[in-house]
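Chemist: Listed below, chain by chain, are the residues.
Protein chains: 4
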Amino acid sequence: MVGHAFMGRAHSQAWRSVGPFFGPPLTPVMAALAGRDAVRAAAAARTLGWASSEGDWKQLLHRDDVQIVDICTPGDTHAEIAVAALDAGKHVLCEKPLANSSAEAEAMVAAAERARAKGVRSMVGFNYRRVPAVTLARDLVADGRIGTVRHVRAQYLQDWLTDPEAPFSWRLDRDRAGTGALGDIGAHIIDTAQFVTGHRLVGVSAVMDTFVPERPKPGGGTAAVTVDDAALFIGRTDGGALASFEATRMATGRKNALRIEVSGSSGALSFDLEAMNELWFYDGTEDAETAGFRRIVVTEPVHTYARQWWPPGHLLGYEHTFTHQAADLLTAIAGGTDPSPSFADGLRVQRVLDAVAASAASGAWADVEGSL
Amino acid sequence: MVGHAFMGRAHSQAWRSVGPFFGPPLTPVMAALAGRDAVRAAAAARTLGWASSEGDWKQLLHRDDVQIVDICTPGDTHAEIAVAALDAGKHVLCEKPLANSSAEAEAMVAAAERARAKGVRSMVGFNYRRVPAVTLARDLVADGRIGTVRHVRAQYLQDWLTDPEAPFSWRLDRDRAGTGALGDIGAHIIDTAQFVTGHRLVGVSAVMDTFVPERPKPGGGTAAVTVDDAALFIGRTDGGALASFEATRMATGRKNALRIEVSGSSGALSFDLEAMNELWFYDGTEDAETAGFRRIVVTEPVHTYARQWWPPGHLLGYEHTFTHQAADLLTAIAGGTDPSPSFADGLRVQRVLDAVAASAASGAWADVEGSL
Amino acid sequence: MVGHAFMGRAHSQAWRSVGPFFGPPLTPVMAALAGRDAVRAAAAARTLGWASSEGDWKQLLHRDDVQIVDICTPGDTHAEIAVAALDAGKHVLCEKPLANSSAEAEAMVAAAERARAKGVRSMVGFNYRRVPAVTLARDLVADGRIGTVRHVRAQYLQDWLTDPEAPFSWRLDRDRAGTGALGDIGAHIIDTAQFVTGHRLVGVSAVMDTFVPERPKPGGGTAAVTVDDAALFIGRTDGGALASFEATRMATGRKNALRIEVSGSSGALSFDLEAMNELWFYDGTEDAETAGFRRIVVTEPVHTYARQWWPPGHLLGYEHTFTHQAADLLTAIAGGTDPSPSFADGLRVQRVLDAVAASAASGAWADVEGSL
Amino acid sequence: MVGHAFMGRAHSQAWRSVGPFFGPPLTPVMAALAGRDAVRAAAAARTLGWASSEGDWKQLLHRDDVQIVDICTPGDTHAEIAVAALDAGKHVLCEKPLANSSAEAEAMVAAAERARAKGVRSMVGFNYRRVPAVTLARDLVADGRIGTVRHVRAQYLQDWLTDPEAPFSWRLDRDRAGTGALGDIGAHIIDTAQFVTGHRLVGVSAVMDTFVPERPKPGGGTAAVTVDDAALFIGRTDGGALASFEATRMATGRKNALRIEVSGSSGALSFDLEAMNELWFYDGTEDAETAGFRRIVVTEPVHTYARQWWPPGHLLGYEHTFTHQAADLLTAIAGGTDPSPSFADGLRVQRVLDAVAASAASGAWADVEGSL
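Protein chains in written order, with UniProt numbering: chain Y, 1 to 372; chain G, 1 to 372; chain V, 1 to 372; chain E, 1 to 372.
These aren't lab readings, by the way, just hints derived from the structure by calculation. Among the hints, erroneous ones may be present.
For identical chains, the list gives no copy identity; a pair is met inside one copy or between any two copies.
[Claimed, not checked] Below are the SDA-like pairs computed for lysine to any residue, each with C-alpha atoms no more than 20 angstroms apart in a straight line:
1) K255 x S270
2) K255 x W310
3) K255 x P301
4) K255 x R307
5) K255 x P311
6) K255 x G317
7) K255 x D283
8) K255 x D287
9) K255 x V302
10) K217 x A5
Could you build the full structure based on these sequences and the hints that come with them?
Modeler: Here's what the structure looks like:
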């Protein structure tokens with residue numbers, strides 16, 4: 001694994017938990033953790049349960065005991081590491097967003113294609129696809145339970161930048177992060193919306209803003225915020241739906257509210273990550289007397305992923321999604337199939353991000369490249 | 001109408017609204033309002049839209065332009081007025097609780113029986129039966145949609161006595177009110193539970209308490225609170241269900257939360273008067289994948305009462321229940337049928353109240369008289 | 001009053017109820033109801049409680065017993081009636097949207113100005129401003145309780161056109177209704193957003209669509225739907241906030257969900273008309289340990305409008321907003337002040353509607369005329 | 001660890017996770033798993049990540065590499081194992097309920113006292129105390145944020161026995177389980193209520209029932225259900241509060257709804273385990289204009305336990321409570337202090353269970369032994 005911050009902790013817990021709960025066909029061994037600083041990487045390896053550590057991720061590519069490279073670093077490093085790892089014959093799990101630009105993402109997709117020909121697999125970490133309630137939403141749409149999708153309303157609301165004194169970090173630096181709310185959390189709602197509906201965005205109109213343009217640096221002084229605090233856009237999908245999206249770090253009081261509501265011609269679905277074990281489903285074919293949005297607690301033995309854990313009504317948390325992701329990756333590698341979401345899926349999201357940024361800059365509708 | 005306080009205002013609005021919205025077979029004329037004080041009654045008549053007023057309710061019985069006597073006074077006067085009115089050949093609508101004791105209630109039932117033989121009708125004002133969501137709940141139980149009822153959990157939570165400085169009033173005086181939370185709001189949940197389930201309580205075990213034994217009088221000085229602030233009880237029904245009840249004026253933050261949840265062998269229902277346009281329904285026969293409590297917004301054209309008002313999603317409020325009550329009473333009178341709930345239903349509730357008080361006093365299980 | 005359909009019924013109930021509950025300085029007399037068809041107008045007058053009727057609204061202007069003209073007709077007739085009534089010296093209450101075009105609305109504003117000079121008052125019927133929870137939201141923003149407004153997310157979701165067999169009506173005809181979801185319900189969220197935040201929209205980018213282009217006529221045959229089923233737009237306000245709006249009649253399962261959420265620099269508010277007695281408030285100045293969105297049940301004696309009705313926790317319904325509107329209009333007329341919202345407020349909303357339509361047609365950002 | 005069923009899986013995940021997330025002063029090593037069947041124990045050890053296994057729990061007491069014995073077996077074995085382990089100088093974590101009778105529990109408390117004198121620690125596994133929202137509830141009550149506690153309403157609602165064809169298991173056998181819903185889930189709400197309020201139940205009145213008296217055995221045939229499906233009771237606390245409790249496995253549609261609401265003289269709290277990351281708090285000292293139940297998402301850095309995991313708004317799940325328990329146990333052992341809840345706390349719950357059963361049998365109020 002490369003990186004040992006927030007995502008590194010989450011992925012470590014996944015690798016540790018996937019065996020006991022999913023009994024995957026391949027048993028993961030937590031061989032080595034790489035970081036930019038050898039001392040800090042070694043300490044993190046001890047804390048997070050990795051057998052060894054490296055001060056340079058390139059060392060992982062030379063080790064025979066490393067078959068999967070799990071990339072948990074900021075977006076500006078994804079392309080270099082992923083391409084090198086795939087070319088070295090290592091399976092790759094890469095955090096989202098896939099890259100900081102479509103050009104990088106295209107190079108990664110090309111590397112993934114080359115690797116695939118040799119049986120080497122790649123996957124991008126849109127972990128929220130594997131919230132059981134989101135998986136169920138996708139299944140219900142695919143089964144026709146809400147009819148033709150007409151509307152998507154998606155929001156990812158956080159508030160950690162509401163305070164002007166919240167400190168500067170790499171996530172606020174365009175060179176490291178690419179974009180702000182857009183790429184960090186907007187990428188999640190774009191992917192989730194496309195995953196659940198099966199539609200792709202073909203055009204968007206957007207507005208972005210930075211409400212607090214300068215912030216204190218942890219070590220003193222200030223730094224300019226060069227990314228967006230918030231991005232809003234509307235769009236059309238290839239399936240004829242109208243969609244609205246909002247990604248913001250300024251939604252006071254909303255901590256991690258990824259919300260998506262999908263209206264179809266005969267039903268609807270609603271989800272909020274702050275109540276992630278629930279899916280709300282409206283079945284428009286029911287009698288008017290008793291029709292209503294149902295709160296499904298997605299913890300039943302029939303529910304994908306949830307069935308592996310606890311009895312009904314015993315909730316899952318945030319990091320379980322990473323365990324589900326690990327289980328599916330291991331299953332795909334063992335079975336010689338391609339895991340999903342692919343790097344191509346990651347590129348598709350990247351192109352929407354590009355269109356959003358372009359539209360916000362021009363004030364006009366922007367087509368999503370490659371969508372038609 | 002007799003009385004012009006809280007209930008008088010609500011009933012006046014009902015008599016005024018029932019024509020335009022329900023087009024009942026009989027058109028009510030708001031002929032006369034009676035109160036103990038002629039001057040105040042006259043003022044109230046002007047405000048509330050009554051054509052004339054009387055300083056003594058007995059005068060109403062002599063007036064030919066009065067066919068219905070609507071009793072909105074404290075419970076200690078119900079029996080006298082109702083019996084006299086019925087014996088005078090006036091139809092009677094009497095606020096709940098029917099009386100302050102079972103003895104009084106029995107006399108009223110006897111008067112109702114006598115009157116009935118002459119085509120004179122009587123009804124007790126358990127208005128919450130006519131919340132559309134409660135009516136729907138009753139219908140779903142009656143249609144077998146939740147199977148055999150096994151559990152009732154009912155609460156009526158208010159908080160207007162939380163503050164020890166909240167003033168003394170007739171509602172805290174045993175001589176006027178009979179009991180406190182028990183008869184005022186406990187009566188509602190008893191009736192609602194029996195109405196929705198079709199079961200009757202056969203035995204109870206109870207505890208009651210007065211947390212603030214003395215309160216300031218509006219004019220100065222203090223008075224002893226001689227009724228209960230809260231009454232809790234558990235019980236068994238004639239249908240084999242277990243039930244729990246709580247009526248309290250000390251549930252800080254709950255303003256008017258009449259909540260009832262009914263668990264059946266194949267489904268369940270849940271209601272909260274603080275969200276009175278909604279009924280939650282769990283259909284246990286659905287697939288486990290999509291089963292969940294549904295939030296039914298009870299404002300559709302198929303919903304009883306609601307259909308008379310506005311398009312779907314346009315909410316009804318508290319006083320609409322009194323209009324529904326008035327409509328049904330007028331329809332029954334015109335059709336020569338008995339309106340429901342009857343005085344006998346009111347007596348049935350009174351007997352549960354008696355059993356609760358007896359059990360709270362004795363510390364032992366108490367049977368409900370007449371229930372077996 | 002002119003018109004006796006949905007709005008006519010709602011306004012009639014308001015004129016009937018405002019006296020007993022608000023004791024306004026002027027007591028309304030329900031003198032005359034006008035409709036296009038004299039026979040149907042007469043029948044409606046009887047049902048709705050009006051003393052007389054007219055087959056032509058122009059007759060109202062000649063009657064001395066008519067001081068207020070309440071316009072409850074489709075939008076294409078508003079301008080003619082309102083201008084004539086104001087010029088005839090009658091106070092005017094006009095349903096929203098003020099008109100079907102900004103040109104008409106401008107003429108109405110001019111008439112209102114002329115009338116105002118003579119002490120004749122005018123008001124446009126954005127009744128949702130007078131939901132107690134919406135009034136409270138406005139008050140909290142004005143009092144600085146959420147700091148600087150940064151985000152508005154507003155939706156008005158209905159589903160009565162989800163079914164392709166839902167019949168054609170005047171609301172689907174551009175000549176009568178002007179626009180579809182946009183003017184009918186989009187106008188409400190635009191006004192509500194501007195009212196609550198005190199900001200004005202200065203520019204928008206929009207998309208509109210008609211999912212079902214042809215519908216059965218009630219008498220047989222089909223008709224082309226010439227208005228939008230749904231309109232989505234994003235915008236900027238003069239106060240620097242980013243806003244998103246969605247108005248749709250295709251949100252399956254949502255019956256009348258006017259939702260608005262406002263994020264400020266130190267707090268946030270959230271409201272849903274399907275739970276119209278509640279306002280959710282997040283106070284960002286609270287300790288992190290106990291900060292959270294509060295569900296305020298807006299039925300306390302301190303709450304504007306609500307205090308006139310019932311004790312805490314006893315809910316109000318949809319039509320109460322019209323009674324509040326009537327009370328404020330009567331108070332303004334009696335006090336010789338201008339009621340709010342004014343025709344100028346109505347024009348302001350109309351200009352946003354125009355910008356939305358223009359942007360949807362052009363695919364580019366559109367400025368709101370007169371906003372800068 | 002002894003036992004490898006549901007609780008064994010949960011505890012294993014806790015021992016595995018406590019190191020990386022809590023960095024406890026002692027690092028647990030998952031040395032040995034014991035079960036009644038050596039072959040099945042060995043398989044479970046491999047799956048759950050234990051280094052070795054034993055076919056007899058007594059072997060654990062002879063192993064030097066075992067310092068803590070974690071008892072995850074049915075209640076009828078708790079006393080024997082716990083007493084032996086403590087007397088052998090092993091620290092003990094014992095699942096709830098502590099025992100199947102007060103006599104057994106008293107012997108365990110005595111053993112715990114003996115062991116304590118030698119620095120050997122014991123703890124009973126009321127894991128729900130360590131849901132961050134429940135811990136916060138306790139803290140708020142202790143800090144006086146809701147004033148004097150007047151009401152507790154506690155429910156633990158499950159529905160896995162609703163279906164009469166749900167199979168027989170040891171949990172339905174009085175000899176193994178002691179009681180049914182009462183001891184299994186009723187014990188949780190009794191402990192949670194006492195923990196949060198700081199009050200102890202002093203007397204109860206109860207009713208219990210078994211709705212489905214016979215069930216199919218997994219291997220064929222049927223078995224008599226000798227425990228309760230549901231237990232309801234009301235009670236008084238030593239602090240003068242009135243309380244109601246319901247534990248049932250027949251609450252159709254409720255999967256794991258441990259709900260507790262506490263009303264105090266100046267505030268209130270509400271919690272539901274089906275939304276376990278949320279605590280609802282009503283602060284009665286707020287202005288009436290904005291007072292309301294707040295939904296606190298208990299995932300902030302100031303929140304005990306939650307701070308160890310993820311950023312705000314990233315939810316925790318069911319098994320996290322066991323990790324919190326493990327962390328606190330290790331900290332107590334390392335610090336030479338007594339962990340909480342103690343065996344004496346477990347006995348206290350057991351005595352309430354006894355009083356409930358006695359009252360249900362007698363139909364009269366029953367005092368809780370040792371409570372006065």
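Chemist: If you check each hint against the structure, which ones fail?
Modeler: Every hint satisfied by this model.
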